[in-house]
Amino acid sequence: MSIGTNIRHDSSVTHVAGESVFIDDRPEVRGEVHVGVVGSPIARGILKSIDAREALAHPDCLGVFTAADFHAKHWGTITHDQPFLVVDAISYMQEAVCIVASSKRGSVEAIKKLVKIEATPSEGVFSIDEAKAKGEILYRAASPFIQGDVDAALKSSPHRLKGIFRCGGQEHFYLESQAAIAYPLENGQIEVHSSSQHPSETQRVVAEALGLSFHQVVCVVKRMGGGFGGKESQGAPIAAYAALVADRLRRPARIVLTKDQDMMITGKRHPFQNEYEVGFDNQGRLLAVNALLQSDGGAYLDLSSSILERAMFHLDGAYHLPNVRVEGICYRTHHHPHTAFRGFGGPQGNMTIESILEDVAHYLKKDASEVRRINLYSGANLKTPYGQVLENNLLPRIHERLLLSSGYEKRLGEIREFNSRRCGKVRGISLTATKFGISFTARFLNQANALVNLQLDGTLQVSTGATEMGQGVNTKIQQIVAHAFGVCPDAVRVMPTSTEKNHNTSPTAASSGSDLNGAAALLACDRIKARLIPLARARFQGQEFDPTREFESPESLTPSPDPDMVFSEGVVRDQRSGKSVPLRELIHLAYQNRISLGSYAHYKTPDLGFDKTRVVGRAFNYFTQGMAVSEVEVDEYTGEMKVRRADILMDLGRSLNPGIDRGQTTGAFIQGMGWVTSEHLVYDRDRNLLTHSPTTYKIPNVQDTPREFNVEFIENPDNDRNVHGSKAVGEPPFLLGTSVWTAIKHALSFRANGQEIRLVSPATSEVILMELTRLKGE
Amino acid sequence: MRTTVVFFLNGKRHEVGSDQAFQTVSDFLRYERGLTGTKVVCAEGDCGACTVLVSRFRAGKLQPYQSINSCIAYVYSLHRTHLITVEGLKRGQELHPVQAAMVERQGSQCGYCTPGFVCSMALLAEDAKREGFRPDEKKVRNYTTGNLCRCTGYAPILEAGVAMDLDRVQALSSFYGDDRIEAEFSAIRVEGIRIRGEGKEVFLPIDLTEAVQERASDPTVRLSAGTTDLGVVSNKGKLKLTRLLSLQEVESLHLIKKTGNRIRVGARASLHQLERSLADEFPEFSRMLRIFASPQIKNSATLVGNLMNASPIADTIPFLRVAEVLVLIASPQGERRVGINDFILPGYKKLDLRSDELVVGIEIPLSDHRYKLYKVSNRKDLDISAVTFAARYRLKDGAFESFSLALGGVGASVLRMGGIEAQVLGKPLSLNLFRALANTLPGEITPITDVRGSAGYRLRVAQNLLLKFHDDLAVEEGLGINEASL
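Chains as they are written, first to last, in the numbering used here: chain F, 25 to 802; chain L, 120 to 605.
Honestly, the hints are just simulated from the structure, not real lab data. If you're wondering where the values come from, they're calculated on a predicted model, not measured in any experiment. Backbone N, C-alpha and C fix where the C-beta goes; we use that ideal spot for every residue, glycine too. Warning: the hint list may mix true and false statements.
Said to hold, decoys possible - Distance ranges between label pairs, derived from CB positions: (1) L:Leu464 / F:Lys434: 54 to 60 Å; (2) F:His183 / L:Gly517: 50 to 56 Å; (3) F:His183 / L:Arg554: 57 to 63 Å; (4) L:Asp138 / F:Gly594: 44 to 50 Å; (5) L:Arg308 / F:Val45: 40 to 46 Å; (6) L:Arg152 / F:Cys512: 32 to 38 Å; (7) L:Arg152 / F:Lys434: 56 to 62 Å; (8) L:Asp138 / F:Leu80: 52 to 58 Å; (9) F:His239 / L:Lys257: 56 to 62 Å; (10) L:Leu464 / F:Pro145: 57 to 63 Å; (11) F:Lys140 / L:Leu552: 56 to 62 Å; (12) L:Tyr467 / F:Glu433: 30 to 36 Å; (13) L:Gly211 / F:Lys140: 53 to 59 Å; (14) L:Lys257 / F:His95: 54 to 60 Å.
Excised from the complex, chain F in its bound form:
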């Protein structure tokens, strides 16, 4: 029984031994070429010329390639609006202008420096306000989400607050930077190994870049050293650079960005600037919410439209908004094209309502957790702003239990007492929630396929479109398959993801990797089992297998294997007769009788479909819910902050692997905490990113984590919407990092003398200190 147990990550032994192979760990092969990207020296303008003469004269230089060398000039996940290499218009600083090929790894940087780029700069747009003033819109949400009558409700509300919530971008800081190696094969084919969350798209983008048909390209992904959304779309052009050089020179070509260059070139989490007006009663119950979500999309669309929409889908947070209007606009600026990042807009929407509720509580001088409680989805109040009705809603239970387990009331009292002593430190505590919609909001992406091969020794090889970036999707699939056949997990190997085995796959994103691919793998297992069971039954009935007569096993696309035939501990047993046969023996018998031991299956999430123009339908298969309570301490002299304690309670249905899910939860929380505290992107006047390495860009380190950190899962056996009753975990806990930020807000409220607290995100030491100074009127 491997489902629900804490089996180890399938790569953990090679990870700890330093034996896991990432892209740049692949041995260099004969004739291999190293590829580098030359970026634009200006943020906006027109490319006049590329002078590569000196670069080409470098003894190790094998070529300099420009947009002219590409068959297709543009790529893009939603629309093909982004040039592989600058054609004429330059739209952001360090945008890729040309690529160089070097016979030596060590010469790439020197060759890059020899390329001379001439460009005419023009005035760029670098903020949402500027873009708004100039009407630079990338995408406007098709329709607002509307429930009730927001204008009338606002008018009749006893209290109103109006404001703008601002949150910054975030660098993914996956440890393995963007990387790919392309091998030229016979007949013009290309095999590309990429650090990518989306091998199918990489295959297509590479083919289009080179003018090949799709069947000429195979993309293989063994694993990534972190992805977090940053390799959903933006790994593809990097792979195309390597592929182009490989194709032109007919030599293997490797590209590995330095951390600095990766951070400068690639897009980030979208900064948002959300305007809102809310009305509420004396208890703090929200009566009306009118919100306009505005994102900085950067230079090209990338995934910005879907991200904006997911922000709109999560503006409600965990709270019922009886009268609501949510609109969204994504602006075009001359920043790197912002892209997917864990949460995919959800955090920016969710944090807005959490910030508002903190303000409402401060305004009414009430405990914010109580204000949140009375606003939670509960009872009959289950309709979201987009019309979907919540099922299996655990929010009130989670709230009640977490308040108790975290000792919230008592600690709030202690904090009040501590803060009254004015010792130079001020503390705050806050509870926030996540109710994360699981499914791609683009319905067609909610499909997956899997290939399961049962070997004669009873072991299995499984291939799906899921990519492993550390999140443990391979381990969960391994468990699902091992469970299906009643073998130990070690008997199952999840193979490298490859587009020749699994076609037209969706990105491993939207927390859906295990849901979709696990379900497809389970279906494939069931198909094999449905063939084996009649054979077992025949054997139990003492049937002789006659070489002159074919044993016919049924074939079903939607099999439901006989539940009385149990696959367990390497044996197939008929519960009714008590007869059993070792799995290996049955497999052998099947092989002798020419019954297929492999299967392929396709899965699509049922009952999905949302029309964003009419705002009707089911956008999400289900929701993953959870809450966190964080306590912080702020140094009033310096603005420095530390998290004293965090308690998290998640509903993950029936967890497939509690150990992996726990790691996803702590990892997501800390990443979310980083986003709202120390992770600050700083650009200079010319829009060079100044924070392009960990010296200046501060992700949380081991000393920043809560001194006390408790993570628990609430019992929920009732989620019948997903494989084995589990729930997706990748993104939902990211949103809980917000509780650290609202806790800072709470701390500042003790020094606010009733004033409104204007806190932006990230709340760096500087932001905190300057706001404290303002509040104290110094």
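Let chain F serve as the given structure and place chain L on it in line with the hints.
Same frame as chain F, but now just chain L:
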């Protein structure tokens, strides 16, 4: 004169000269030896993915293993060392107890930072075994401060560190027979090393006279110490290294010696050594060194290196300025000693040092003064400061008998605040005094706006630190002031 360095890598002897000697250790491991377990992420010693363990042969013995960032260390610095990489921790098919605990506790997700964490924690296991302590969560944190992980939120790693089976931990010296390696190192004749390759040249003399001559022979010679800064600027293409001089093989310069009323810190003494050596005499400084940098950096970086970097935000300089240390300088003309406050000249990174001179050490005078050192940055640990503050003082009958103040990050260099010192001297500790000083500060300092903070923020922090200093003293002196002055 040697032209190669000799070292052991996971128990195997290597002798390297010429071009390869100028590679970073991580490039050598990954691309020359195929040991790709060691990862390079930031190439600037900030993320720890490249962490390896190294033991140096000194005084006839291999010294305790230490962690270093292999991405900013050079192969030429490996002479007479034993290097253990993540691949070298597994014995046959058996995982090191730290590796086993990381597997057991789900301490790795994507796996890219994992080898670095494993090495840092293997060092924890080694030290715990040798020094006889049981790793608690705090210890694990302190040993992994120099390792970044983006996946786990650190919680599973901390658990793994605490949970590892210490009873199964064996001393690293037993892994590959360090006795044998020591015997081989003992047999190597002690002599200077000069290596040329790739248009570069490095000289590692064994005595100071040779070092002084080399320094004086060519003003373009750069000193290579822990290379925690040099390695970064070179990796990032900001500096091309051509002629290098390393004092690493000059045994005497590694020492920290107490003589009479002063402590002499050799140019090659690491910050790690310093943190331990000064714990009794300068506890405040020792504590500041704790959060100054990661173990990996402190094992390589030197006090003299930090001084010579001369940055306005160099973390040790405010202390050095108020402690009135002496800088020991050697040249063909002999040795001279300069007071730190004369050595640091006004302006950005300006020092009283001729191109033929070499800083060989620092002398810290012992005194009965007390210190307060503050370091403010966006992230508490391992972040370059926005503002630093160092005060040295002596109170007698509630009044300042002595007061020195230095501030970093508020001007082109670390400043001694003579004007403020004069106003404090002789006065009793009072809030009014420090409020007034804070109010005069805008006229005294010229902070800039950069990636680490705005000018306004730096000014406010500097002002608040004066108040914090007052408040901290008021509490310590029992003046009955219980509320912060803010």
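Broken hints, by number | The structure conflicts with hints 3, 4, 8, 10 and 12, although it agrees with all the remaining ones.
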